[in-house]
Each structure stands twice: as C-alpha cells, then as structure tokens.
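Turn these sequences into a full structure, and let the hints guide you.
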Amino acid sequence: MLTNLPIMLPAYPEIFLLAAGCAILVIDLFLKDGARWVSYALSLATLLGCAILTVAVTVATGGQPATTFNGMFVSDMMASVLKMCTYVAVAACLVYPRTYLADRGLYRGEYFVLVLFAALGMMVMISASHFLTLYLGLELMSLCLYSLVALDRDSALSTEAAMKYFVLGALASGLLLYGMSMIYGATGSLHIGEVAKGAARILQADQSSKAVLAFGLVFIVSGLAFKVGVVPFHMWIPDVYHGAPSAVTLFISTGPKLAAFAMAIRLLVNALPALAADWQPMLVILSVLSMAIGNLAAIAQSNIKRMLAYSTISHMGFMLLGLLSGVVGGNTLSAPEAWSSAMFYAVVYVLMSLGAFGMVVLLSRSGFEAERIEDFKGLNARSPWLAFMMLLLMFSLAGVPPTVGFYAKLAVLQAVLGAGQVWLAVVAVLFALVGAFYYIRVVKVMYFDEPVESAPVRPRLDAGILLSVNGLAMLALGILPQPLMQVCLQAIKGF
Amino acid sequence: MQFPWLSLSVWVPIVAGLIVLAAGDRNLREAKAIALLGAIIGFAVTIPLVAGFQAGTSAMQFVELAPWVPRFNMNYHLGVDGISVLFILLNSFITVLVVIAGWEVIKEKVAQYMAAFLVMSGLLNGTFAALDAVLFYVFFEATLIPMYLVIGVWGGPNRVYAAVKFFLYTLLGSLLMLLAFLYLYNKSGGSFAVLDYHKLPLPLNVQIVLFIAFLMAFAVKVPMWPVHTWLPDAHVEAPTGGSAVLAAILLKLGAYGFIRFSLPILPDASHYLAGLMITLSLIAIAYIGLVALVQTDMKKLIAYSSISHMGFVTLGFFIFNAYGMEGGLVQMISHGFVSAALFLCVGVMYDRMHSRNIADYGGVVNTMPRFAALMMLFAMANCGLPATSGFVGEFMVILGAMKFNFWIAVIAGTTLVFGAAYTLWMYKRVIFGEVGNAHVAALTDANSRELLVLGVLAVAVLWLGLHPAPFTEIMHASVNDLLRHLAVSKL
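First to last, the sequence lines map onto chains A and B.
Residues in the first sequence are numbered consecutively from 0, following numbering that gives the first Met the number 0.
Residues in the second sequence are numbered consecutively from 0, following numbering that gives the first Met the number 0.
Where hints are given, some of them may not hold.
What the hints assert, rightly or not - Each pair of labels, with its calculated beta carbon distance range:
{"id": "1", "chain 1": "A", "residue 1": "28", "chain 2": "B", "residue 2": "75", "range": "55 to 65 Å"}
{"id": "2", "chain 1": "A", "residue 1": "48", "chain 2": "B", "residue 2": "49", "range": "57 to 67 Å"}
{"id": "3", "chain 1": "B", "residue 1": "204", "chain 2": "A", "residue 2": "200", "range": "37 to 47 Å"}
{"id": "4", "chain 1": "B", "residue 1": "155", "chain 2": "A", "residue 2": "436", "range": "14 to 24 Å"}
{"id": "5", "chain 1": "A", "residue 1": "474", "chain 2": "B", "residue 2": "432", "range": "52 to 62 Å"}
{"id": "6", "chain 1": "B", "residue 1": "228", "chain 2": "A", "residue 2": "202", "range": "52 to 62 Å"}
{"id": "7", "chain 1": "B", "residue 1": "416", "chain 2": "A", "residue 2": "295", "range": "39 to 49 Å"}
{"id": "8", "chain 1": "A", "residue 1": "48", "chain 2": "B", "residue 2": "21", "range": "55 to 65 Å"}
As the list claims (entries may be wrong) - Restricting the straight-line Cα-Cα distance to at most 27 Å, the calculated cross-link-like pairs of lysine-lysine (DSSO-like) are:
{"id": "9", "chain 1": "A", "residue 1": "376", "chain 2": "B", "residue 2": "186"}
{"id": "10", "chain 1": "B", "residue 1": "186", "chain 2": "B", "residue 2": "427"}
{"id": "11", "chain 1": "B", "residue 1": "164", "chain 2": "B", "residue 2": "108"}
{"id": "12", "chain 1": "A", "residue 1": "376", "chain 2": "B", "residue 2": "106"}
{"id": "13", "chain 1": "A", "residue 1": "376", "chain 2": "B", "residue 2": "108"}
{"id": "14", "chain 1": "B", "residue 1": "106", "chain 2": "B", "residue 2": "402"}
{"id": "15", "chain 1": "B", "residue 1": "299", "chain 2": "B", "residue 2": "427"}
{"id": "16", "chain 1": "B", "residue 1": "108", "chain 2": "B", "residue 2": "31"}
{"id": "17", "chain 1": "B", "residue 1": "106", "chain 2": "B", "residue 2": "164"}
{"id": "18", "chain 1": "A", "residue 1": "209", "chain 2": "A", "residue 2": "196"}
{"id": "19", "chain 1": "B", "residue 1": "186", "chain 2": "B", "residue 2": "198"}
{"id": "20", "chain 1": "B", "residue 1": "186", "chain 2": "A", "residue 2": "492"}
In case anyone wonders, no lab produced these hints; they're calculated from the structure.
Glycine included, each C-beta is placed from N, C-alpha and C at the ideal position.
Dropping the structure here:
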C-alpha cells in the first residue's frame with residue numbers, strides 16, 4: 000500500500016479549493032467594482048491549481064485508489080478524470096458569462112465563491128467512498144446551486160425557479176438519505192466498499208432480508224434520478240433552466256451532471272452491484288421515459304433554454320442506457336466498456352452543453368436575453384463563425400457524424416447491443432431521430448432565416464476564443480475520438 | 000506503401016472547401032478561383048485511380064489501412080474495386096461541373112455555396128472508398144450536413160420544408176443501418192471491416208432483419224417507392240447544382256449500399272426478399288413513370304424520372320445475373336450524367352425566366368437554338384435512345400430480366416414508352432412550337448460557360464452510349480465476384 004504518502008494527500012485538491020475559495024471571499028470584500036477582474040483571475044488560478052494538484056495526486060498514487068479520512072474519501076482514476084473535466088467546465092462557466100454578468104450587476108464576488116464552493120461539492124461527491132461524504136458533497140453543491148439560481152434577486156422568475164429547485168431538491172435529498180438509512184440498516188455500514196460486501200452476503204445467505212435492501216434501493220434510485228434529472232423526476236429541470244440567469248443555467252447544466260454521473264457510479268456500481276438485477280430494470284424505465292418525454296417535449300419549446308433543458312433530460316436518459324448495460328445476467332465481463340461508454344457520454348454531453356448554453360450567454364446583451372429560438376434567426380448573416388460553431392454543437396447534440404456526439408451515441412448503443420437489449424437500442428435510435436428534429440431546427444433558424452436585427456455579434460475575445468475551441472472540439476474529438484474514449488475506459492477500470 | 004491517391008481524392012476537396020469557407024465572400028474572386036482549382040485538382044487525383052486500376056481482379060485496390068479508434072477496432076480503411084472506382088470518378092467529375100455551373104448564378108453567400116459542394120464531394124468519395132463500416136457511416140451521414148444547408152439556404156420558396164424532410168428521412172434510415180453495423184460488430188467478434196462481414200455466416204431470420212435495416216437506409220437514398228416522397232420536394236427546392244449532385248451522386252449511395260452491404264453480406268435474405276425488391280422496383284418504374292407524365296414542373300418531372308430510372312438499377316441488382324448487375328451499374332453512371340445534365344438545362348432556363356413551370360415556356364428553340372440542340376440529346380438519352388448512355392443500361396437490364404422472367408421484362412420495358420412520353424412531351428411543350436410569350440422571346444442563348452458544362456456532359460453521354468466497354472471492363476471482375484458471393488449460401 001501507499002503508506003509512505005502524506006495522509007491527506009488524496010484530498011489535496013479539495014483542501015486547496017476550500018482554502019482558496021475562502022481567501023477569494025475575503026479578498027473580494029476589499030475590491031472596488033472596477034477591480035473585479037482580480038477575483039475572476041484568482042478563481043481561474045484556483046482551478047488551475049486544483050488541476051495541477053489533481054495531476055500530482057494521480058502521479059503520486061500511480062492511478063491506484065488511495066483513501067483518506069478513514070476510508071471515507073477516495074482518489075482513484077475515475078475521480079481524477081471527472082475532476083479534471085469538472086475544472087474545465089467550471090472554468091468555462093467563469094469565462095463565458097463575464098459580459099453577461101457585468102451587464103446585469105451580477106458580476107460580484109458571490110458568483111465566483113458560490114461557483115467555487117459548488118465545484119468543491121462536486122469534487123467531494125466524485126471522490127466519495129462513504130454515504131455520508133457523498134451526501135455532504137451533494138448538499139454543498141446543491142445549496143450553492145439554489146443560491147446561484149436566485150442570484151438575480153429582483154427577477155421574479157429566478158426567485159420562483161430557486162424556490163422550486165430548493166423544495167424539490169430537499170425532497171430528493173430526503174429520499175436519498177432515507178434510502179441510505181435502509182441500506183445501512185440491512186448491511187450495517189455506510190462505507191461503500193462494506194455496503195457492497197454486506198449486500199452480496201445478504202443476497203447469498205438469505206433472500207428474505209433482501210426486501211429491505213430493495214426498498215432502500217428504490218429510494219436511492221429515486222433520489223439519484225432527481226439529481227441526474229430523468230423522467231419522472233425531471234419536473235424541476237425546465238423551470239430551473241428557464242428561470243435561472245443564463246450564466247447559472249450554463250453552470251447547472253454542466254458540472255453537476257458529471258457529479259451526478261459519479262454519484263450514480265458510486266451508489267449503484269460500487270455500493271450495490273449485487274442488486275444490479277434490481278436497479279437495471281428501474282433504469283430502463285427511467286431511461287426510456289426520459290428519451291421519450293425529453294425529446295417530444297423539446298419539440299414544442301420556443302424558448303431555447305427550455306428546449307435545451309428537455310434535451311438534457313433525453314441525453315441523461317441516453318447516458319443511463321450505458322450504465323444499465325454493464326451487468327448481463329450477473330456477468331460483469333464487459334461492464335467496464337459499458338460504464339465507460341456512459342462516462343464518455345456524460346463528458347461529451349457536458350462539452351456540448353457548455354457550448355450551447357455558452358452561445359445563449361454570448362448572444363445576450365444588457366437588457367436582452369437571447370433565449371428564444373427566434374433570437375438565433377439569421378445568425379449566419381450576422382456572425383458566420385459563431386453560427387458555424389453553433390452548427391457543430393447542434394449536430395453534435397443530434398449525434399450526426401463527424402461530430403463527437405455521434406461517437407458518444409455509438410459507444411452507448413454498442414454497450415446496449417452488447418448486452419443483448421436490441422429493442423432498447425431501437426427505441427433509443429428512434430428517439431434520437433425525434434431529437435434531431437429540434438436541433439436541426441436551430442440550424443434552420445440560423446442559416447435559412449433572415450436576421451431580425453443586423454447588429455454584428457462581438458463577444459469578448461476570451462469568450463470568443465473559448466467558444467471556438469469548444470465548437471471545434473466537437474469536430475476534432477469527432478475525427479479522433481480515441482484518446483477521450485481510452486481515458487474514460489481507464490478511469491472506469493481503475494477503481 | 001503506395002501513394003495515397005484515395006486519401007487525396009477524399010481530402011483535397013474537403014480542405015479546398017474549408018479554405019474557400021475561410022476566404023469568405025469578402026475575397027470572392029479568390030474564393031471562386033480556389034473552389035474551381037480545388038474541384039479540378041480533386042478530379043485530377045482520381046484519374047490515377049482509373050489509370051492505375053487493374054481490371055483483372057476483384058480485390059480491393061489502392062488500399063490504405065491505419066488504426067483509427069482501436070477502442071472499437073475501427074480503422075481508417077480505404078480501398079476501391081471495379082464498382083466504387085467509377086463512382087469516385089463520376090463524383091469528382093460532376094463536382095467540377097457544378098462549381099462551374101454555379102459560377103455566376105449564385106449571388107448570395109457564394110463562398111459557402113462552393114465550400115458546401117467541395118466538402119460534400121470529398122465526403123462522397125469517402126463513402127465510396129470506405130471499407131470500414133463506421134468510416135462508411137461517418138461519411139454517409141456527414142453528407143447530410145452540407146446537403147441540408149444547400150437545400151435550405153439556396154433553395155426555392157419551400158426550401159425549409161424540403162430540407163428538413165430530406166434530413167429526417169435519411170437520418171431515420173441510416174440510424175437503423177448503424178444498429179445493423181453494431182449487430183454485425185458483435186457477431187463478428189469485434190470487427191467493423193466490411194470485407195469480414197462478407198464471410199460472416201448468419202442465420203436466415205437474422206439476415207432478413209438486417210436486410211430490412213439496410214433496406215431502410217438504402218431505399219430512402221435510392222429512393223424506392225414508397226419512401227421516395229422526399230425526393231421531388233428536395234429536388235424541386237434545391238438550387239440547380241444541388242439537384243444535379245443529388246440526382247447524379249447522392250442517389251447512387253443507396254444503390255451502392257446494396258452492392259457493398261446488402262447483397263454480399265446477406266445473400267440468403269437477398270434471394271428470399273428478391274420478390275419484394277423486384278416488385279418495389281417495378282412499381283417505381285411503371286407507376287412513378289406515370290406520375291412523371293402529369294407533372295407541370297420541369298424539375299419535378301425530372302425528379303420523378305430519376306426515381307423511375309433508379310428503379311431500373313435496383314431491378315437489375317435483384318435479378319442476380321451479370322446482365323442485370325452490370326446493366327444496373329451502367330444505368331447508375333448514365334443516370335448520373337443524364338440527370339445532372341437535365342437539371343443543369345432546367346437551371347439554364349430558370350436563371351433567365353425564374354420559372355420551372357412547363358406552361359410558362361414554349362418555342363424556346365427560336366431564341367436558344369444551341370441550347371435546344373444540346374437539351375435534345377439529353378432528353379433522348381433520358382428516354383433510352385440507342386447510341387446514348389441511357390440505352391446501354393436499360394437494354395442490359397431488360398435483357399437480364401428477360402432471362403429471369405418474361406413478364407418482369409415486359410413491365411420493365413414499359414419504361415421505354417413512358418420515359419419517351421414524359422421526356423419528349425415536356426421537351427416539345429418547352430422547346431418547340433411558336434414563341435410562347437414575351438419572356439421567351441427575350442431569352443438569350445446559352446453562354447460559353449453553360450455550353451462548356453453541357454458540352455462536356457454531352458460527350459460523356461455519347462461516349463458511354465457508343466463505347467461502354469472501358470466502363471464495363473473495369474467493373475467486370477468485381478461484378479462476377481459479387482455474383483459468386485451471392486450464389487453461396489451463408490446459412
């Protein structure tokens with residue numbers, strides 16, 4: 000074992016982020032409005048520091064799982080990879096909306112600090128190896144998100160969205176906690192590794208006490224489904240995405256998805272693999288419903304934030320397909336492939352979502368929210384480059400090659416077919432077809448329609464470059480998807 | 000490792016297209032020049048493929064193989080046989096003509112227009128050359144993006160409807176094909192190599208399901224009755240160049256898919272379902288021929304005529320003899336020339352009159368004699384007059400059908416009557432007679448650019464009609480190999 004390492008080493012990135020976040024909170028108090036860029040730069044530097052520390056931790060542990068805090072906290076390959084993706088997503092959520100926030104008087108220290116603490120919550124969730132750690136991270140993230148949604152205090156829409164989010168989120172956390180307590184009652188442990196052993200033991204020894212486990216599982220899956228945002232626990236998503244300031248929507252739709260994916264892996268795959276035969280059918284229902292309702296409801300939307308919200312639901316449903324194809328009849332031989340396809344899907348989805356919501360943020364000006372689909376009319380005439388980037392993002396979301404969204408779908412479909420679930424794959428592609436309709440409608444609006452206004456779009460240089468990188472990444476990862484796929488596979492094999 | 004001519008034929012047009020896109024409308028002259036240059040170089044690099052092609056073998060030639068996505072065992076695997084090499088040549092050739100044809104006619108977003116066609120040309124070459132199923136799928140699907148934009152941006156009044164319909168129809172088919180590929184991947188123990196699939200044994204019921212999945216993809220592209228309804232819309236609304244590429248090349252993807260995937264991978268299902276395929280083909284030939292007769296819009300008429308002619312191609316494939324197969328292939332190439340030429344002819348008139356309605360014309364020969372003469376040739380080729388390319392393919396398919404079943408040949412033969420009827424009747428109403436109205440009287444004859452494009456196509460049509468041997472010799476070995484594959488059961 001890695002006994003010669005400092006005892007808290009696996010948690011160094013989190014400790015650093017916590018310290019830096021507190022420091023920024025204090026420093027920002029002494030900054031004048033004109034010097035707000037200092038907080039911005041410090042936040043980005045903090046994320047960079049976290050990235051360096053994460054790499055250092057991974058190198059120091061050699062990619063092997065390393066635990067600390069009495070085994071409540073683990074740093075393994077999956078955690079490292081997901082954290083790195085989270086840093087990228089969070090950094091983008093700082094860069095994209097600078098102008099947007101400044102125009103609305105939201106460009107204040109609170110935004111940076113809340114975003115950083117939410118990121119901390121995600122990291123704790125990603126690295127949790129104990130139910131309590133997981134819950135702690137989840138709550139830290141969620142509370143930051145609730146307040147971020149309400150960041151624009153004077154907007155009734157935002158306040159309403161925050162209230163909805165909070166009430167439903169608290170309910171979901173309660174469900175999750177209740178489920179965990181049942182599992183604890185059955186297995187006598189909250190530690191994920193112990194839970195897995197205990198559950199396997201119970202299933203072998205005595206089928207009758209399985210009922211408690213199954214009962215707890217139902218609550219856990221419900222809580223999880225709420226956090227991931229899949230039907231029928233999806234009702235908050237369109238309202239929150241719509242009501243929150245676009246900058247916050249951008250944030251909610253990206254990093255937390257990675258954390259939710261990690262939570263699903265920790266709870267279902269690490270803690271309760273013995274119950275796979277029970278949670279797989281649940282996920283099938285959640286997934287099919289999400290793809291159906293998400294895609295069908297998205298067609299009817301005229302607000303692009305709502306449309307993308309429903310598209311999120313359908314994408315998360317698709318991602319669950321990869322998760323549920325791992326175990327086939329108790330056999331986990333091809334499970335890493337299936338789970339890594341889900342992880343690849345989640346990472347790719349976050350990249351696409353960053354770009355799409357980033358575009359919504361960039362097109363908004365002071366006093367004007369570019370949130371109706373009509374606001375994209377004739378974008379090709381106003382800014383051919385931005386329109387082209389959005390085109391790549393939309394085709395990627397639709398899963399049309401040669402963009403990376405296609406490979407994400409391909410990998411998941413391959414996992415589903417590999418598990419022998421042909422009908423599930425057919426359902427998935429049919430709803431992917433439905434999904435294509437509303438994505439190409441955005442392309443249609445941008446390219447085929449005449450612009451309503453002729454003002455050219457000039458984003459800040461840094462945001463413009465980031466969006467170009469983001470859009471071109473769709474193409475670059477689409478032409479060469481191997482590295483990212485391989486990283487995901489290694490990450491899943493590494494726990 | 001030999002010189003990567005195939006990669007060049009794929010990537011030269013794509014890179015040229017991206018440069019044109021970057022140059023943009025602000026540097027219009029340069030952008031156009033690069034577009035033309037890219038198209039010509041793109042065509043030039045396909046000539047070594049034909050010149051260096053060894054006709055005696057059915058093996059894949061100019062093979063390029065490099066690992067692409069080892070995680071799923073996907074490879075960058077290109078290669079051509081006697082069938083695909085001809086389509087690469089045809090495609091690159093038509094691209095040059097389309098760029099020239101759009102030279103002055105397109106007024107808005109010219110650079111994007113040219114770029115879309117160049118990128119599409121490269122992607123289509125990739126589709127014909129790909130020997131890896133996913134690589135094929137990527138190219139096959141990626142062509143949707145530029146075509147969607149071409150129809151939607153530069154198309155006619157109802158372009159949005161047509162573009163969306165085109166996109167969704169084709170996507171539906173190809174998604175099912177993707178599932179079929181994934182199934183074969185799992186079945187073959189983790190390979191996406193198309194040539195491996197040719198040897199893979201499969202039970203009949205699986206073959207039938209896979210055949211139907213492929214059929215969904217390819218039938219929509221061909222298009223076969225009853226999934227043809229996107230084509231008249233897309234054709235009519237697309238700009239001239241779009242219609243020409245759509246008819247000349249994109250439709251060939253479907254038929255090519257039958258040859259590369261359905262027939263050799265699923266021979267038993269092909270035999271089992273041949274009756275269905277022949278019936279659908281005959282319906283396309285006869286029924287769609289009749290539908291073409293009543294069209295009042297020239298482009299729509301040619302679009303329906305395309306469906307009818309492609310029915311001949313699928314008929315030729317599913318009667319399983321050398322005449323039918325080679326006849327179908329010759330018909331594909333011939334239709335590539337003739338339909339492109341006819342759409343370009345309509346384009347020449349449309350640019351002057353801004354109408355596609357047959358009723359708006361009459362007596363065009365009086366004002367545009369040289370144009371009328373060239374169009375006469377293409378109209379004749381469309382009805383299958385001997386000495387034009389249209390005759391060779393149709394004659395061979397009917398000959399093959401005769402060997403297969405007398406009555407099928409009789410029904411197929413009706414196309415000679417219907418084809419002549421709708422083409423010549425349209426030609427008569429548009430070109431002959433008294434000058435119809437003042438607009439026609441004001442027409443000017445085709446300019447040198449238009450004459451060049453149509454003249455080159457006329458030479459191609461006559462060459463293929465009078466001396467098809469160079470084309471059939473190249474495809475001969477591959478066709479025989481395909482028939483051998485078809486004769487061996489995989490059960």
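Distance restraint between residue 186 of chain B and residue 492 of chain A, which requires alpha-carbon spacing of 27 Å or less: This hinted pair holds, its Cα atoms lying about 25 Å apart.
Cβ distance range 52 to 62 Å for residue 474 of chain A and residue 432 of chain B, holds or violated: holds, 54 Å
Agreement of residue 186 of chain B and residue 198 of chain B with the hint, judged by alpha carbon distance not exceeding 27 Å: holds, 12 Å
Pair hint residue 376 of chain A and residue 186 of chain B, alpha-carbon separation not exceeding 27 Å: violated, 46 Å
Supplied distance hint 39 to 49 Å, evaluated on CB atoms of residue 416 of chain B and residue 295 of chain A: Cβ of residue 416 of chain B to Cβ of residue 295 of chain A: about 48 Å, so the range 39 to 49 Å holds.
Range hint compliance [Cβ, residue 48 of chain A to residue 21 of chain B, 55 to 65 Å]: Check failed, 37 Å falls outside 55 to 65 Å.
Holds or violated: residue 209 of chain A to residue 196 of chain A, with C-alpha atoms at most 27 Å apart: holds, 14 Å
Supplied distance hint 14 to 24 Å, evaluated on CB atoms of residue 155 of chain B and residue 436 of chain A: holds, 22 Å
Pair hint residue 376 of chain A and residue 108 of chain B, alpha-carbon separation not exceeding 27 Å: holds, 16 Å
27 Å limit on alpha-carbon distance, applied to hinted pair residue 108 of chain B and residue 31 of chain B: Satisfied, since the Cα-Cα distance of roughly 11 Å is no more than 27 Å.
Distance restraint between residue 376 of chain A and residue 106 of chain B, which requires alpha-carbon spacing of 27 Å or less: holds, 21 Å
27 Å Cα cutoff - pair residue 106 of chain B, residue 164 of chain B: holds, 25 Å
In this structure, the earlier hints numbered 8, 9, 10 and 14 are contradicted, and the remaining ones agree with it.
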